[in-house]
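Taking the hints as your guide, dock the two standalone chains into a single complex.
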Amino acid sequence: MALFEIENLTYFYPECDTPALKNINLHIEEGELLLIAGGSGSGKSSLARLLAGLIPDFYGGKLAGRVLFRGKKLSELGPRLLNTQVGIVFQDPEQQLVMTTVEAEIAFGLENLGLPQGEMFRRLAEVMGFLGLTSLKQEFTANLSGGQKQKVALASVLAMNPRVLILDEPTSQLDPLTADEFFNLVERLNKEMGYTVVLIEQRLERCFHLADRLAIMEGGKILRSGPVREVARWEAENSLPFLPPVAKFFAMLRAPALPLTVKEGRKELKKLYPSPPAPEKDQARPARLLPVPATRQDKRVVEAKNLWFTYPNGKEALKGVSLRVNRGEFAVIIGENAAGKTTLLKQLAGLLKPGRGRVLVMGKDTRTTALPELARRVGYLAQNPNTCLFQDTVEAELRFTLDNLGLEDGGVIDDVLKRLGLLPYRQTNPRDLSSGERQRVALAALLVAKPALLILDEPTRGVDCRLKKELGSCLAGLVREGLTVLMVTHDMEFAAEYAKRIIMLFDGRIVSDGSKHEVLGNSLFYSPQIARLFGGTVDGVLTVEEGLEKISANGELSPCLATKAGL
Amino acid sequence: MLEHLFYEDKGVLLQNLHSTAILGYLAVFFTLALLFSHPLYLAGIFLVGALAVVTAEALEKWEAYLKAGLWMALLVMLINPLVFHAGKTVIWRSPALPLLGNVSICLEAICYGAAMGIRLLAVLTIFCLASAVVHPDKFLSLFSRFAYKSALVVSLATRMLPAAARELANAREMLQLRGVDFAAGNLKERLKKYSRLLDILLLASLEGALQTAEAMQARAFGSGPRSCYRRELWRPRDLLCLTAGCLALVFSCYARVKGYGDYNYYLQLGVLVPNPASLILLAGILGSLALPLVLSWGWKHWPYLRLKI
Chain A
48 MALFEIENLT
58 YFYPECDTPA
68 LKNINLHIEE
78 GELLLIAGGS
88 GSGKSSLARL
98 LAGLIPDFYG
108 GKLAGRVLFR
118 GKKLSELGPR
128 LLNTQVGIVF
138 QDPEQQLVMT
148 TVEAEIAFGL
158 ENLGLPQGEM
168 FRRLAEVMGF
178 LGLTSLKQEF
188 TANLSGGQKQ
198 KVALASVLAM
208 NPRVLILDEP
218 TSQLDPLTAD
228 EFFNLVERLN
238 KEMGYTVVLI
248 EQRLERCFHL
258 ADRLAIMEGG
268 KILRSGPVRE
278 VARWEAENSL
288 PFLPPVAKFF
298 AMLRAPALPL
308 TVKEGRKELK
318 KLYPSPPAPE
328 KDQARPARLL
338 PVPATRQDKR
348 VVEAKNLWFT
358 YPNGKEALKG
368 VSLRVNRGEF
378 AVIIGENAAG
388 KTTLLKQLAG
398 LLKPGRGRVL
408 VMGKDTRTTA
418 LPELARRVGY
428 LAQNPNTCLF
438 QDTVEAELRF
448 TLDNLGLEDG
458 GVIDDVLKRL
468 GLLPYRQTNP
478 RDLSSGERQR
488 VALAALLVAK
498 PALLILDEPT
508 RGVDCRLKKE
518 LGSCLAGLVR
528 EGLTVLMVTH
538 DMEFAAEYAK
548 RIIMLFDGRI
558 VSDGSKHEVL
568 GNSLFYSPQI
578 ARLFGGTVDG
588 VLTVEEGLEK
598 ISANGELSPC
608 LATKAGL
Chain B
3 MLEHLFYEDK
13 GVLLQNLHST
23 AILGYLAVFF
33 TLALLFSHPL
43 YLAGIFLVGA
53 LAVVTAEALE
63 KWEAYLKAGL
73 WMALLVMLIN
83 PLVFHAGKTV
93 IWRSPALPLL
103 GNVSICLEAI
113 CYGAAMGIRL
123 LAVLTIFCLA
133 SAVVHPDKFL
143 SLFSRFAYKS
153 ALVVSLATRM
163 LPAAARELAN
173 AREMLQLRGV
183 DFAAGNLKER
193 LKKYSRLLDI
203 LLLASLEGAL
213 QTAEAMQARA
223 FGSGPRSCYR
233 RELWRPRDLL
243 CLTAGCLALV
253 FSCYARVKGY
263 GDYNYYLQLG
273 VLVPNPASLI
283 LLAGILGSLA
293 LPLVLSWGWK
303 HWPYLRLKI
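Taken in sequence, the protein lines are chains A and B.
Residues in the first sequence are numbered consecutively from 48, following the numbering used here.
Residues in the second sequence are numbered consecutively from 3, following the numbering used here.
Chain B on its own, in the form it takes in the complex (with noise of 0.2 Å):
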């Protein structure tokens, strides 16, 4: 399961993108997500989102994040109508209830709280491709030119987290056969034996940590001003990508200003689609979105493609 939340190599193309240009592409993804609340933008960019996942052969880690993603979406979708009331179309009355009242369920609410929770799968699979394509590494490489102590810290913790969970099962193994049973006991009990696993983990951290911090030294680390290891090379591919990421947001903003991808929930459901320019835009930002999707797949099954790009 937590091997799931790792970065994997693929050999994919999403994959082998210089770090500007999948962040830029990975920016506009999801601010785009977050900029719509139109119910058609937002599932478009949610399955475009879904392919992109596909294409960057992420379907199992995909699978670890909705299985969380799911319930939270579902859990949004039945608050919300149960919260708001305002819409006026009501479906549902209920009896008298204790300190609430009569709770009426609306259709617009219903419909509010549905938008939200596609908004949130689409941030989700946005998460979690960003997490199976962007190396961690150039992405700190990124920033360490701007903020070295800071991305040091952060590689370090990226470094350290497999070490800490491998660390936390020997743990474990060694306390299972000295006994310990983490199964048996009440919800105090259990809790008194996990802790004493994170003491362990604590203290071979602590010594750990003194090591690394040696060994740094050592390679004269904070001995004066640091230069930066660029190894990142800019390729054509990767101007087509941040190109599509690029025209996707102009599309989305022409959009914005001309109000289609706002939609009226409340007080009653608006049309779905007032102007037939509204899904002309959508087929813009979603095929903007989707070429470098198209360009993965073609990078994978024609040679002559990924000679050139």
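One chain only, chain A, in its complex shape (with noise of 0.2 Å):
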């Protein structure tokens, strides 16, 4: 007997004439890791919620169908029952915290339960232990970073012991190295402990390799469920996007087999490759560690000098940055959280003040000058495009800007409207929208003030394939226009996909600085896919296409070009 058994299954929330789940029959498997792929608004948050039985309980909405658990419904389990064999992880780690601490978050649901003393004591020891949060018991939850954050809603979940393990785009805001800690949890969980996984990921290079079934999602609908290879070899032939790079690389190539994971398409490539051809020198150049030579003074549109930064609080967030960013570079900052990221662009933007040094936008010292007057210059995006929407329509959020940087429209609204795709939402509010809908509303009131320099904190957090081309290219469109964007990303496939030029930050200091082939080609842990594949074999390798040329400039095997404008 699976499972869950979901028959039949359609779902309208409260008010809405669309269904968020279409017909749905999905069998999941004891002990099974199920990834679950698609587009935003697909459903899948909606098809994970039903799993937890938050739906139709918490959020209400007509539901037909049935849902089984174990072979019963799982409206007569109760919720009680229901919370300790099945348990969820949000994506936002900071809004699914109730307590003040670690120690108090974890007993959380056990108090829930009902639990007696000794259990609860028992429960929390192990589930720290296991964890490693022993040592955080006593911090309180808001000073957490992100990646112990989501650790501590992984473990209140966990101390509920639960069999079934919902994870909703759990490390959508964590850097590459802590997202890839929180999957070697998970596989343990599920290897070792036995647990039945659900898991719902944008970011597919991560986890791919862990799933035993995949299901690809889109409008409500399932398209196709099955065994992961098989799912992704019908992906490739219908030239669906919700592969990880190495299988899409592949599947271009129309090669007869698909490797999903890094170590199988090297194998394959060895079949391409018999021998590796010796380093191309020219493009194995280290990365520099020195700003970019004083060229094209001219078009220096942001330059930070010797710049450091201390908060109020003693955390020394940047020692002696130096960096000059150039008219229509486009710039990605990456490195570990805490790393003095978005410290930085705030300096860069002006709404810090270097305690020494100094930062320059288009030739104005930031110390001098006023808000208002960069504000003509720059247009930033923070991580949570939320904190600036509050106007009640699109037009209006775009008109807000304007008219305080008092600037005509000249048709400018309609320009950017129609760029960023939003003409069909701009009389709507922009908190109904999508988040990458939001997302772009939020860009959209910054580019109508034509800035010269753009800065955006993690635009590609939470983020589907899709919405990420299309974020790519309209960046790449703006560069080339002139426009210059300066923005972190814990994304390295985007950042090897559009950026030009990467500065990597450590310890709020910049330890690599280069073109995107010097230093995404060259790092150990944060390089893409694709330049994992090709690592020792051709250097100089980070996106599908640049492979793709490579295989052709080789002569090997000519790839179906066909297939590439789809996938």
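It is possible that part of the hints are untrue.
As the list claims (entries may be wrong) - Chain A regions said to be covered by chain B (calculated; three or more residues, Cβ under 8 Å): (1) 125-132; (2) 135-149; (3) 346-357; (4) 476-485; (5) 527-538.
Just so you know, the hints here were simulated from the structure itself, not pulled from any lab data.
Backbone N, C-alpha and C fix where the C-beta goes; we use that ideal spot for every residue, glycine too.
If you want it as structure tokens, here you go:
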């Protein structure tokens, strides 16, 4: 008997005419790891909530069909029994923590279950030990890093001893290394502890290899579900984008095998390159540790000179950063959480003033230039675009910026809305839009001021691959027109695809600065999957397209370019 | 500035007491600040409070409290002589003022105002001490046994406060780079600009509240009778501190019964020390209140004591 059986299920959220889930049929077996992929608004999170019993109990709405858990209707289980069987970890760790300290947070669910004191002690001790949280037990949850918060959220759920673990994009806000660490835990839970895991994830390269089965969702339907390799092959045949870069690469090559991991991919690649060629010296240059040489001074947009900054609590966030970004550059800042990336962005935007050193934006010193004056030159989009949306319509949001800066419309609102695909939402309340659309509205509200420098803090967080592609193309287009883009991201695939220059920050200092091939190509852990695939075989390959070009140039196999656009 | 209002773990003994012990001790402190009107008793309580703040390594936090408290205390000292004229010792009489006539400033009213100012500072110092040494979670855990819903609401609010402050700062930065100058314009215009920040905060908080509620339901909140997780241990230091607090309370009650803790401000200032026993009792009270502070010092500097308590 399957653990979960969903039969002919259709669900409408309250006051919605279109179903969030349409005719879902899905079986989940005990002990398997099911990966659910799909675009934004495809119904993945709704399905997760359904499995956790939050739909319809918490959300209300109309539901047809049935969901069985161990052969029994989910609605008949009762909340307490359900909570001891199914646990869910949400995307945003900030919003799912309730108590003020780690220990109290983990105990919260156990208290709700009415467990005796001794049992609570035992479970807390085991879970904190397993997840390495013992040293943090008295720590305030507000002071934890993103990765620690997500670990605490996982611990809170594990302490309730569920048999099924539902993870709804749990690593979308984590840096690559922390995300890998999180997935290692998930793998252990699945493989060694026997947990059944339902994982929803956008960055498939991180977790594809962990899954036993894969389900692809679109428009509230499950398009296909089955063993990972089989569904991946079907995806490749149907030009769907929910594949990790390695699989995408071999699918485009129409290779007979479809590797899903770097290890499998390298085996396949060996067939094309039986003996690795000597490294191409000009492409394997080490990344510079010094700033880009002072060329094109007239095109300098922003410059930091020996920048130091310490927060009032004593944390020294930037330590002698020197950086110059020229007009038309698309630069990406990478690094672990708390490396000083956001602080650097705020310094370059003029929101924070240097402790020592200087920041010049279009030649203006940020210490002596008023923010409203800088606002005409710099657009800054914070991690959470919701923090700037408050008008009743999308158009009013854009007009708000123009009015504040004393700028005329002159058709710029139409232009920007059109460019970002927001024309249909002109009169819609921004808060009624999806997260990806909200982000575009926030971006549009900056672009109407025609800034020379656009600063973005993790704009790809929680964004699906299609929206990411749209955002990347849009930014690349703006860069071609002369805009300078400087952004922070944890998404190495995005950085490899669209950026020209990569700056790596560690502990408040720039440790690497150069072209994307120099930095990502030589990076040990901050490299995209394709770079790992080609590492030691062909240097200077970061993206699927570059890989295909190399293979074409090698004359070994002609890539099928017809499928390139689709994938 | 805002971070000084939140609890920060300094590893001092007062922060490592059982919540019952530390809350009991602080409750005695607070009661005594309200119980006495004698200026020496009030000054003594204020001084021990200040010493406790130093022991708790919360001087920065105290500074924030004092900045507001000193002005309020000064205001009390100034307003009281202007309003009350019942004292016999007139030290200045104003010329005839419109509506008020002749205003007399009495020594007694000044002294009473000063004593009340010290009481205010003592109370603020105790609140400062409480926020520095009482872990909010331990405090809530104590009350959650009989009022868990209220405790949970307070916990959520406590957790939300720093998050809301961060959100507010982010929203402000984003608006500044969209051309909003919060310093420009008259009061009405500035209020309008700030009201936008509140709009954003409200919208974000409502959305966040929905997600938090969902996460709580997913963790069995409201699914039936609940139990209470008690993680605090009772140690000798807790007994010592609570005993010290109780002792101070017993001495105080005796002083009150004997009338040593009272003082006549009107119509004429009474004798400051009518009986040596008054000073002996005061020393007993202050000594008892200071015992946990001595232990705290010893706990930090004397490993043997740390081992034993």
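A quick look at each hint next to the structure:
| no. | hint | verdict |
| --- | --- | --- |
| 1 | 125-132 | holds (count 5) |
| 2 | 135-149 | holds (count 11) |
| 3 | 346-357 | violated (count 0) |
| 4 | 476-485 | violated (count 1) |
| 5 | 527-538 | violated (count 0) |
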